[in-house]
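K.L.:
The listed protein sequences correspond, in order, to chains W and F. Letter by letter, the first sequence follows residues 1 to 200 of this note's numbering. Letter by letter, the second sequence follows residues 201 to 400 of this note's numbering.
Among the hints, erroneous ones may be present.
[Claimed, not checked] Here are the in silico distance ranges between beta carbons for each label pair:
| id | chain 1 | residue 1 | chain 2 | residue 2 | range |
| --- | --- | --- | --- | --- | --- |
| 1 | F | S223 | W | L99 | 36 to 44 Å |
| 2 | F | D313 | W | K43 | 27 to 35 Å |
| 3 | W | A92 | F | E208 | 25 to 33 Å |
[Unchecked claim] With a cut-off of at most 20 Å between alpha-carbon atoms, the simulated SDA-like pairs for lysine to any residue come out as follows:
| id | chain 1 | residue 1 | chain 2 | residue 2 |
| --- | --- | --- | --- | --- |
| 4 | F | K253 | F | A272 |
| 5 | W | K53 | F | L311 |
| 6 | W | K53 | F | A312 |
[Stated by the list, open to error] Calculated from the model, a selection of chain W residues having no Cβ within reach of chain F, i.e. all distances over 10 Å:
| id | residue |
| --- | --- |
| 7 | G42 |
| 8 | W49 |
| 9 | D75 |
| 10 | E134 |
| 11 | G160 |
| 12 | H164 |
Hints in this document: simulated from the structure, not taken from any laboratory. All residues carry an ideal CB built from backbone N, CA and C; glycine is no exception.
Chain by chain, the residues run as shown.
Number of protein chains: 2
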Amino acid sequence: MTAPRRNERSRRAILAAALELLSETSYPDLTIEAIAARAGVGKQTIYRWWRSKGMVILEALVDSAGEPGDMALPDTGDLRADLRTVLRATVAEFADPRLSATTRAITIETLADDDLAEQVRDQLLRPQLSAVRERLRAGRRAGQVHESVDLDLAVELLFGPIYHRWLLRNGPLTEAYADDLVDLAMAAMAPGRSRLEAAP
Amino acid sequence: MTAPRRNERSRRAILAAALELLSETSYPDLTIEAIAARAGVGKQTIYRWWRSKGMVILEALVDSAGEPGDMALPDTGDLRADLRTVLRATVAEFADPRLSATTRAITIETLADDDLAEQVRDQLLRPQLSAVRERLRAGRRAGQVHESVDLDLAVELLFGPIYHRWLLRNGPLTEAYADDLVDLAMAAMAPGRSRLEAAP
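Chain W on its own, in the form it takes in the complex:
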């Protein structure tokens, strides 16, 4: 199926309306009708361009996240400090009731919709995770990360526990938690110890 041609001004109005409404109401209460009314378009326009509410929100979030290049992590030369900055921000997002409600709703939709899941992963999450991986790569060049560490796995070691704790509501999501997690992950990646012990 060919995607229907979109009017860029309407598209921007719709995405801006979606984000505005998302900050005013909860995701489950957010309707296509309300987005259309706020954007000053007919709701059929939205249904023509997007398959579901989840797809509208995804595109709004992707647009507001900016270009992948904008997501580059700070590189102060201090890997631990830079990772703390990004993990504290991530933990704060998951701890924020409104942002968490949006993430929960998007997660539910992605668990139920393979196509949306793929787009969320490729357009929203991978650029963020790649930015962290590139910061780790710079850290490896600077001798702060062991050569043998799989950087994709290292990224999962940093973010996986946060998702796990958030999903299971299994403990507080605090700055101290973010810092402890960075310390433990840094210990896993440390160049100082022999990797021979880790061999099978």
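Knowing the structure of chain W, use the given hints to seat chain F on it.
P.N.:
This is chain F only, laid out in the frame that chain W set:
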């Protein structure tokens, strides 16, 4: 509200029917009606005793998991080998299409239902995670885990990346992945290196 009194024989028949049907059909296609028919009870009986399909399945899974004591990990004295055993089994569950579909459905329901989330966490997941934590505690007593490591965080370091990869469908869920994850987590927990570097 007082929970209606349950007939133990009917309860067992219903839970057994639920698990049987879950192995024959997908979770979304599983209905209360089908469970009632298989168990030989009226569907009103099920509605009277459980609030939702998710609650029936949860109780069936909890019952089939056995007593918390049954979940204790093997302790061969080789912490790495024991963790590999449990992580390989966990990764295999997430990689299995049918089990994964059930986990996905339960996850969706828990994201949408706080009460179910609490029960899944307390009755199903915490006993499993506690079993791993107790194995790590034994490892610490045996000098294989650094004194300063927060064991709850260490458990999240082992399971969080698996959930993350499964949720994001961001890479293969294989034995090699389980083993690499154990190695990286073991490096994080290793007693051999100074924790002073990890201080703020």
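K.L.:
Hint by hint, say whether it matches the structure.
P.N.:
Against the structure, the hints come out as follows:
1. The hinted window of 36 to 44 Å between S223(F) and L99(W) holds, with their beta carbons roughly 38 Å apart.
2. For the pair D313(F) and K43(W), the beta carbons lie near 29 Å from each other, so the given range of 27 to 35 Å is met.
3. Hint check: A92(W) to E208(F), Cβ distance near 48 Å, so the stated range 25 to 33 Å is violated.
4. Under the criterion of a C-alpha separation no larger than 20 Å, the hint pairing K253(F) with A272(F) is inconsistent with the structure, at around 29 Å.
5. A hinted pair counts as satisfied when its Cα atoms are at most 20 Å apart, and K53(W) with L311(F) qualifies at roughly 18 Å.
6. Our distance criterion of 20 Å between C-alpha atoms is met by K53(W) and A312(F), whose separation comes to about 17 Å.
7. Interface exclusion of G42(W) from chain F stands, the closest Cβ pair being 30 Å apart, more than 10 Å.
8. No Cβ of chain F approaches the Cβ of W49(W) within 10 Å, the least distance being about 25 Å, so the stated non-interface status holds.
9. The non-interface label for D75(W) is consistent with chain F: the shortest C-beta to C-beta separation is roughly 20 Å, beyond 10 Å.
10. At roughly 16 Å from the closest C-beta of chain F, the C-beta of E134(W) stays outside 10 Å, upholding its exclusion from the interface.
11. Interface exclusion of G160(W) from chain F breaks down, the closest Cβ pair being 3 Å apart, not more than 10 Å.
12. Not every CB of chain F is more than 10 Å from the CB of H164(W) (nearest about 4 Å), against its label as outside the interface.
Going through the hint list in order, the structure does not satisfy hints 3, 4, 11, 12.
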